[in-house]
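The listed protein sequences correspond, in order, to chains A and B.
Quick note on numbering: the first sequence equals residues 0 to 446 in numbering that gives the first Met the number 0.
Quick note on numbering: the second sequence equals residues 0 to 244 in numbering that gives the first Met the number 0.
The hints are simulated quantities; they were obtained by calculation from the structure and are not laboratory data.
Certain hints may be false.
As the list claims (entries may be wrong) - Straight-line alpha carbon distances no greater than 30 Å define the calculated DSBU-like cross-link-like pairs of lysine-lysine that follow:
id: 1; chain 1: B; residue 1: 183; chain 2: A; residue 2: 87
id: 2; chain 1: B; residue 1: 167; chain 2: A; residue 2: 56
id: 3; chain 1: B; residue 1: 183; chain 2: A; residue 2: 312
Unchecked claim - A few chain B residues facing chain A, derived, Cβ under 7 Å:
id: 4; residue: 21
id: 5; residue: 40
id: 6; residue: 82
id: 7; residue: 84
id: 8; residue: 85
id: 9; residue: 98
id: 10; residue: 144
id: 11; residue: 169
Beta carbons: idealized from backbone N, C-alpha and C, even for Gly.
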Amino acid sequence: MKKINKIPILAIILVFALPVDFADTASESQEGCTAEYEANKEVEINAIPEEGWMFLKWGGACEGNEQTCKVAMDKSKTIKAEFAPGCKDDAECSSDKKCESSRCVPIQCECGYAQNHQCQKYECCDKSDCSAGEICDKSANKCVSESACREFSIKGDPAIKHDVVFVGDGFNDYKTFRQLLVYLVDYDGKYNGMFSFSPFKENKDKFNFWMVLAPDYQHWDDGEPVNEDIERFVKTCERDTVVVISRNTYRAYAFFPISGNKGGAAYVSLGFAAIRGTDYAAEYAGRLLLHEFGHAFGGLTDEYIEYGKGTRKNIETVPNCALSLDEAKAKWGDLVGVREVDFYTGIPNVPGTKYFKNPYLSVPEIGLFPDGTDMGDGGCSYEPKNIRPTTSSIMKNQFEPGYDFGPVNERELQRKLEEYSSEQSAQDTNAVVAQGGRGRRFVEDTG
Amino acid sequence: MKKLIVLLITLALLPQVFADTLSYSVIINYDNETLSLKDILLIKASPMPADKTGEYTTRIVSFKGDLLFETNFNINLDPLYSMPLSKETATSSKRLTKTSFDLVLPYYSNAKIIKILKENKLLLEIDLSRFSACNENHVCDGAESVSSCPGDCTCGNNICDANENYMKCSSDCHSGQKDNVCDKIADGICDPDCNNKDDYDCKATSGSKLFLYAGVIAIAIVLILILAKKIKKSNRNKNKAAFKM
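In isolation and in its complexed conformation, chain A is listed as follows (with noise of 0.2 Å):
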């Protein structure tokens, strides 16, 4: 017959923290027990209160405060299993704790905090929380608008970037319209966009692109968009400055940014740049866009006159128009000479200024105004006696071919860019993929 070789002993010891009414309270088991057990085993204990109590820790060859405890019987061992008087009910525990099998225990809230012995529920812990078109925002725990813009090119932060949303007035899909901002935009310098030009082109960095279909976007009779109907598309959207792009034709025209925002609102029509042929609008739809950006970003004013307009207010704010010759001479004075940089008015012989007459009719359908003015005259904001920098620019005439922005306007554009960051992010795209991603953003779809 096969020797058995047992090594003896494991005895477990339950002990009270409480000697003085150990002998009063203790039950049979509590005694303590002896088992024997096969050498070399491991032998898992397990400490199982009676109601009322709770176990503290172990003691001996065990240690912690896990109910389970293993051993290996590799000699004989003492284990000693400390109990105590527990919890109750709920009342007896902290707050941000309940009363669970006579132990106080922390509550786990699946979306929320312990409060009184149970749950508190946060707004939101998952979209599945929030109303349609909204998610939750988990640092917060509240449901917040998603996002209706999709990415066009996206440069990094932001916070330091200024982001442009474009509005497809009346696109009805991503690709036609993403097709089309690649020429607007021009990242390479192609097509008269709006990276063919200083100071733009050297700053291709500090923009993000977005970009949002709005194939119901509401016109007057008259075609212009109703201005309002913008906030209706992208105010879900990072942005500073909101750039419409309609199939409607009417004449172009911005807002100059909200002082404390960024940036304002341009409309761009391509209807209104296509009037002279397709070929007119797809060589010069991107300066009708740097024209009208000029005035949304930068708060250009218009370097034209325009008979019985009158002159716009707050000029003496604009970098780009003077009412008088000292005026004038603060704002650019420092910048005459430079690419013909000079003071420019439409009317004769004032001293200090150059009279500029334009040698050709700037819309032959109009002709002359009746005061024989024409709108390319010297003058600025609508006016011929007020002083522009020079002869001609984007900010005068967007569609006359061979001029800039020139100097004065290229340095104040300067000076907004100066505000915003070139740093290239990780999520660095280029202009033609539109990219998903960051969570909140939608993916792009193949449409």
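Fit chain B to the given chain A structure using the hints.
Showing chain B alone in chain A's frame:
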């Protein structure tokens, strides 16, 4: 391998690069100097920076009345048109009397109201309570937490504050800590806020002390008895020696 390292670094940096900011998107109607709220919602976007120029002032005020944010702005009513290309497009010239504009303002968990003023005259108030996570009433209520409302909620800040004890907040006030509440928890630590009767741990401690004192007294008695016996024995030997002489 090099690409993999770049990718890993990129992924590691991504959340920092695109740290989303929470903002209020506030859309306001303008009608002949009268302002009204058109829409307000929370969005993940960078807020507009504060600006000191502009005839209108926006203020975000907390429940306590503190000024959280202030910026100025103008409402632009004059569109700037491009040079026309034809007679039909040359006609546009208008100054708006009605419009709407939007402000992207920074989110504050304790913001109560947005005020829009012109020359210190209040034009519009917008209630932000429904977006707030902290009503600053010195009570940790609603969905407030130590992270969203540290002024009202202190439980979880790792400090056993004056208004806390083990029963209210065990994460800050530990059993056995002086917090003006006897928690009676049998954890081997005698709570200094308890009478000996109330905390099992104190009883255990006092019982042990009793044994200790009894033991010391017993040892002392034994030592005295041994010493006395030795002295007695020594005296007896002296007497014997004296008798022999």
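Structure-based check of all given hints:
{"no.": "1", "hint": "B/183 with A/87", "result": "12 Å, holds"}
{"no.": "2", "hint": "B/167 with A/56", "result": "24 Å, holds"}
{"no.": "3", "hint": "B/183 with A/312", "result": "77 Å, violated"}
{"no.": "4", "hint": "21", "result": "6 Å, holds"}
{"no.": "5", "hint": "40", "result": "5 Å, holds"}
{"no.": "6", "hint": "82", "result": "5 Å, holds"}
{"no.": "7", "hint": "84", "result": "5 Å, holds"}
{"no.": "8", "hint": "85", "result": "5 Å, holds"}
{"no.": "9", "hint": "98", "result": "6 Å, holds"}
{"no.": "10", "hint": "144", "result": "5 Å, holds"}
{"no.": "11", "hint": "169", "result": "4 Å, holds"}
Figure legend: structure checked against the earlier numbered hints; the only hint not met is number 3.
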